[in-house]
Amino acid sequence: MRTQAKVYTALAVLLIALLAFAAGFGANWFLVHQRLTADDFAQQDPPEPFVVFWEAWHILQRDYFGDLPDDKQMTYGAIRGVVAALDDPYTSFIEPQPRELERHDLQGHFGGIGAWVEQRGPGVFALVPMRDRPAAQAGILEGDVLVAVDGIDITAETTLEDVLTMVRGPVGEIVHLTVRREGEEELLAFEVTRQEVEIPAVSWRLLDEAPDVGYVKINLFSERAADELQEALDDLTARDARRIVLDLRDNGGGLLQAAIDVSSQFIADGVILYEQKKGDQEKFYPVESKDLVVDMPLVILVNGGTASASEIVAGAVQDRERGLLVGEKTFGKGSVQLIYDLSDGSSLHVTAARWLTPNHSQIDGAGLTPDVEIPVTEADREQGRDPQLERAVELLQQQGAYPPTP
Amino acid sequence: MKDTVVSGCKVVLFAFVALLIAGGAFAAGFGTGAVVSPLSPARSLFDPPTLQPTATPTVSLEPTETEEETFDLFWEVWHLLEKEYYGELPDETGMTYGAIQGLLDTLDDENTVFIEPKVADLIRESSSGTYEGIGAWVRIREDGQLMIAALMEGQPGEAAGLRPGDIVLQADGVSLEGMTIWEAISHIRGPEGSVVQLKVLREGVAEPFTVEVERASIPTPTIESRMLDDGIAYVKLYEFNSKANDRLKDTLEELLAQDPRGLILDLRNNPGGFLHQAVDVSSQFISEGKILTERISDGTERVFEAKEGGLALDIPLVVLVNAGSASASEIVAGAVQDTGRGTLIGETTFGKGSVQLVHALRDGSELRVTIARWYTPDDRLIHGQGLEPDIVVELTVEDMDAGLDPQLDRAVEYLLGGQ
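Residue numbers (my numbering), protein chains in the order written: chain P, 4 to 409; chain V, 343 to 761.
Warning: the hint list may mix true and false statements.
In silico BS3-like pairs for lysine-lysine, Cα to Cα no more than 30 Å straight-line [to be verified]:
#1 V/Lys578 with V/Lys632
#2 V/Lys591 with V/Lys541
#3 V/Lys632 with V/Lys649
#4 V/Lys425 with P/Lys286
#5 P/Lys9 with P/Lys75
#6 V/Lys632 with V/Lys541
#7 P/Lys286 with P/Lys332
#8 P/Lys281 with V/Lys591
#9 V/Lys425 with P/Lys280
#10 V/Lys578 with P/Lys75
#11 V/Lys460 with V/Lys585
#12 P/Lys220 with P/Lys75
To be clear, the hints were calculated from the coordinates, so they are not data collected in a lab.
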């Protein structure tokens, strides 16, 4: 009996051992074959896709030769990567620092001398000081031509961008300007202390060659644009302007609200644009009526640099037959980006909607076609000629473009 | 009482021993399975990694707490996009791959790359011995354009009129500019018998033009050899794949039996391959000493020395190189040059002095990570610079059109005349 029990025990142990061995062998076989090919993965429940990201991140941390950026930079990298995967040039992620600068631009501040710079020919840059700003306070007069900035001579090759870069700078610092003034034999030197200058969105004047035509240029649809436009129109009408040229060439856009406000200065009522958002019904933005200042004949100058908010205004004026477009085909940006400030100070620009003109034209990629097409050539630019403006004035004086809408 | 306790103990003891045996048996079974299992963890791969991949211990798939906190911003962005983006969002896989790509872009290392599953499959196909395509070697130029480096004799690409130097702008209407090399290749390859339309830019031809190529099943060549006139042996090695050294040995045996006066090893347009293959190939020509030194980021070094048993240790040797000679090719050429074993003729090499380790990720995609730099026997780092040949000879498109090979001619001249 005892021996039998021992035998049974031994057999049981052997059996357990054999089973365990087989189980071990099988487990390994199973595991190895799990790792085989992508096909095998397809047959099982696929792993949650995003784990692959953490796998990659941890492999890099363990193995990468060289310095890895910190976790925050890697996170920013991953965000930029996912945004890039959308393949939309207008949806972008902006890290904390640059957002400050951008905010300044849209709000309208930087450090400068407070004067417009106008190119009147190759290497000829005239200053137009703004009231009560550093340039005017230092004694610079309208029309003074820049000869040197901080000792650096202006030459025929100097561009407008170069001049602006030289003249602008940190608030509080002094910039030395040498100018030539008509009527003065000697060059004049000025020391101007840069101030925080608000970027003017709008500049204006009555045209020398046609004193009843008011010329208004909007540079950017910033927060200040609509108010400054109002100021311009008030001033021009007070000085007997009876027709308006609105210059939106090279105006890359800006705030949607500014575009609506500016349109509302010229169009009495009704639709300015339609907007389509994800999943929502189409919505329209009507004129937000103010004291309608201007029902004068209107021509808008446009070119390939006229984009976005500028196209909203130009498209509304054209479709509502409020005025004519003169110049070149516009840029073709019919999408609207909303800016979201994120929790760490960075921001995300997201293409959140598409806008359409009052006639439901979708201008994305196509642009607006001017009523009168005229190019500006290199030769024109070098000679300081502006055939688009000339044509606009002609049209306004012939018959006043479109009659004002009641 | 005592009896029961003792019996109780016995039972416990018995159970314990049983568990031990069972556990031991399980482990033994497991271990045996690993040895017997038909698939080894290492896989054969095409270029450009220069290190045999091994199964490395797996990493965690979960973020740590601090990582998760920092990474919250990503999810903030993603949820915003899901809610507001007017347009099509990628699916979760597309999002993941985009994030990984963005992650890699912060590294500024063009050799640490992420390869999506379908492209990884292409690479695996190449290593199988044949692939379906047009029979061309391609290379990405510095300006991001895809260029035909060479055409395989008798294959569809050559027959359709493509030439070395041609820039391939588009494949079936898809622009190839800016793509990684395998992404671009995935657009050119396709099933045997299918046709691909390639938009080609050729120097001397004003406008880009279209070339239609019918794909075929192409054998991946590893090695070619012949005896030239004047008793010079010529060997062309196409890549340092897992068969490279074996095939070279066979070839050398054949050639050396014919008592050549000199040997030309042609590594032009050889993009590299396995590091161990580079060491083995170098060892056919160099009898002893350093072939290369590998250094990883913590400073540890690993020296690879010549192995014994080389077949061509004494014969006068020229190695042909050009801008397409990269990585493993540069290991061999660098060792030959620094030891004075032979002369390099041709043009400056590619300049890839880094080593990547290939990781297969769990969804079938691949992550190739730069883990080391390698240095020549004289401790030169050729990364970014390449090797300068001892004798510089250009090969122009006109030469190729005329069927001339001045680099080869110069090599023969050198071996016959000693200079």
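message: P/Lys286 and P/Lys332 were given as a pair; does the straight-line alpha-carbon distance stay at or below 30 Å?
response: The hint holds at about 26 Å.
task: Would you mind confirming whether the straight-line C-alpha gap from V/Lys425 to P/Lys286 stays at or under 30 Å?
output: It holds: about 18 Å lies between the C-alpha atoms, which stays within 30 Å.
query: Given the proposed pairing of V/Lys425 with P/Lys280, does the C-alpha separation stay at or below 30 Å?
result: Measuring from Cα to Cα gives roughly 11 Å; hence the hint holds.
- prompt: Is it true that the CA of V/Lys591 sits at most 30 Å from the CA of V/Lys541?
  reply: violated, 41 Å
query: When you check the alpha-carbon spacing of V/Lys460 and V/Lys585, does it fall within 30 Å?
result: holds, 25 Å
query: P/Lys281 and V/Lys591: Cα distance at most 30 Å?
result: Violated, because 65 Å separates the two Cα atoms, which is more than 30 Å.
message: Hint check: V/Lys578 vs V/Lys632, CA-CA at most 30 Å. Holds or violated?
response: holds, 24 Å
- prompt: Holds or violated: V/Lys632 with V/Lys649, Cα cutoff 30 Å?
  reply: holds, 10 Å
message: Run the distance test for V/Lys578 versus P/Lys75: straight-line Cα separation, threshold 30 Å.
response: Distance of about 48 Å is beyond 30 Å: violated.
- request: For the pair supplied as a hint, P/Lys220 and P/Lys75, confirm whether the alpha-carbon distance does not exceed 30 Å.
  value: Status violated; Cα separation ~43 Å.
message: Given the hinted pair P/Lys9 and P/Lys75, is their Cα-Cα distance within 30 Å?
response: violated, 67 Å
message: V/Lys632 and V/Lys541 were given as a pair; does the straight-line alpha-carbon distance stay at or below 30 Å?
response: violated, 46 Å
Hint compliance for this structure: hints 2, 5, 6, 8, 10, 12 are not met, and every other hint is.
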